[in-house]
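So the sequences go chain by chain: A and B. Numbering of the first sequence is given in our numbering, commencing with residue 1 and proceeding in unit increments. Numbering of the second sequence is given in our numbering, commencing with residue 1 and proceeding in unit increments.
Watch out, some of these pointers could steer you wrong.
Ranges between beta-carbon positions, derived for each pair [said to hold, decoys possible]:
no.	chain 1	residue 1	chain 2	residue 2	range
1	A	R59	B	K59	29 to 35 Å
2	B	A177	A	V96	31 to 37 Å
3	A	R31	B	L61	39 to 45 Å
4	B	K97	A	H28	35 to 41 Å
5	A	T22	B	T78	33 to 39 Å
Computed from the model, here is a short list of chain B residues facing chain A with C-beta under 8 Å [stated by the list, open to error]:
no.	residue
6	D178
7	H185
8	T188
9	A189
10	D190
11	M191
Note that these hints are calculated values from the structure, not bench results. Quick reminder that beta carbons are idealized off the backbone N, C-alpha and C, glycines included.
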Amino acid sequence: MARYSVGDKVRVRAVFPPTPPTHVRTPHYIRGCVGTIERICGEFGNPEELAFGRRYGPRSTLYRVRFRQVDVWPDYDGPAADHVEIEIYEFWLEPVEGENAA
Amino acid sequence: MSGPSDTHDHGHHHDHHHDHDHMHPYDPDHHHPHREDQDDTMTYYKVMESAVRELLIEKGLITPEQVHRQIEHMDSRTPANGARIVARAWVDPDFKKRLIETPKEAIAEIGHDIGPMHLIVLENTPEVHNVVVCTLCSCYPRWILGLPPDWYKSRAYRSRVVREPRTVLREFGTEIADNREVLVHDSTADMRYFVLPMRPEGTEGMSEEDLAAMVGRDAMIGVVEAGAGGTGQLAAE
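Just chain A, with the same shape it has in the complex (with noise of 0.2 Å):
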């Protein structure tokens, strides 16, 4: 089951595994940002599992995540209604507090 919902505020993890030896898709520039669930793409292989051939292990629920340029980079040189859009696996994702329903 997915654990957000369209519309959620979501924070992607701040960490920085050291690559390699795992291989993450999640890319640097946008973990700690703060975006909105956008869609749920549905449950796929963890990637990071796949990586090393390891095919059997548990699913996750990858989202479309919506974020707001001048959030992402502080020096954003263009208007404030740019976005990107990024696809994100549950485990990178943590709530951001108080603004979720659930």
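Add chain B to chain A, keeping to what the hints say.
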């Protein structure tokens, strides 16, 4: 059997290219991405590819004919497939609706199987301009657009278009008004993205075939509008 890059990128299903070592970043001063001939260099990944392929053939798991057929199949996928999809969406609003809601089924209607790809269709509107990047590697909707252009895989494009999209779009000759949102899609995981450009003005009454000819690869990545750069070339080339 260990090598310096053994742990990098392997063993999963993303359709990456392993050519990181010999990419030439897109240079905005020269507008001419290129790569040198690699005919005489057996790189780490070339050796690995040959070794794995020969082992699979030797063990009877695949045949050389199957390898050849698959390469031919990959080469047969071109941006013309995507252009047909766009043109159909422009002339048939019901198709466009299905394309956005259930892309796999809609694309199957015009004879393309997108295979296991999870596709998201991004519609450009007067309010929003979409542009696609994979900042981590080179994820790309190969099932409908074929192989990605070299610049799409360059570190320069991947790092800059997410950071300063309007500047990069301008280098492609695409000026987006300040009151129109620029929406960057970072293709980091299991989804693939396809931009449905806006139909150019003055094309009323044109045939679907003529409309398709106006849609280049770059418009479906989102770095140009349809009708501009329709040949799929960088603006300055």
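Verification of the supplied hints:
In this structure the hint that R59 (chain A) and K59 (chain B) lie 29 to 35 Å apart at CB holds, the actual value being about 31 Å. Range check, A177 (chain B) to V96 (chain A): Cβ separation about 32 Å, and the 31 to 37 Å hint holds. Hint check: R31 (chain A) to L61 (chain B), Cβ distance near 40 Å, so the stated range 39 to 45 Å holds. For the hinted restraint 35 to 41 Å between K97 (chain B) and H28 (chain A), the CB-CB distance of approximately 38 Å keeps it satisfied.
At about 36 Å, the CB distance of T22 (chain A) to T78 (chain B) agrees with the hint of 33 to 39 Å. The closest approach between the C-beta of D178 (chain B) and any C-beta of chain A is roughly 5 Å, which is under the 8 Å cut-off, so the hint is satisfied. With a least beta-carbon distance of about 5 Å to chain A, the hint placing H185 (chain B) at the interface is held under the 8 Å criterion. The beta carbon of T188 (chain B) comes within 5 Å of a beta carbon in chain A, closer than 8 Å, and the hint placing it at the interface holds.
Here the hint on A189 (chain B) is kept, as its CB sits about 4 Å from the closest CB of chain A, short of 8 Å. Contact between D190 (chain B) and chain A, as hinted, is supported at the beta carbon level, the nearest pair being about 5 Å apart and thus within 8 Å. For M191 (chain B), the interface hint holds, the least distance from its beta-carbon to any beta-carbon of chain A being 6 Å, beneath 8 Å.
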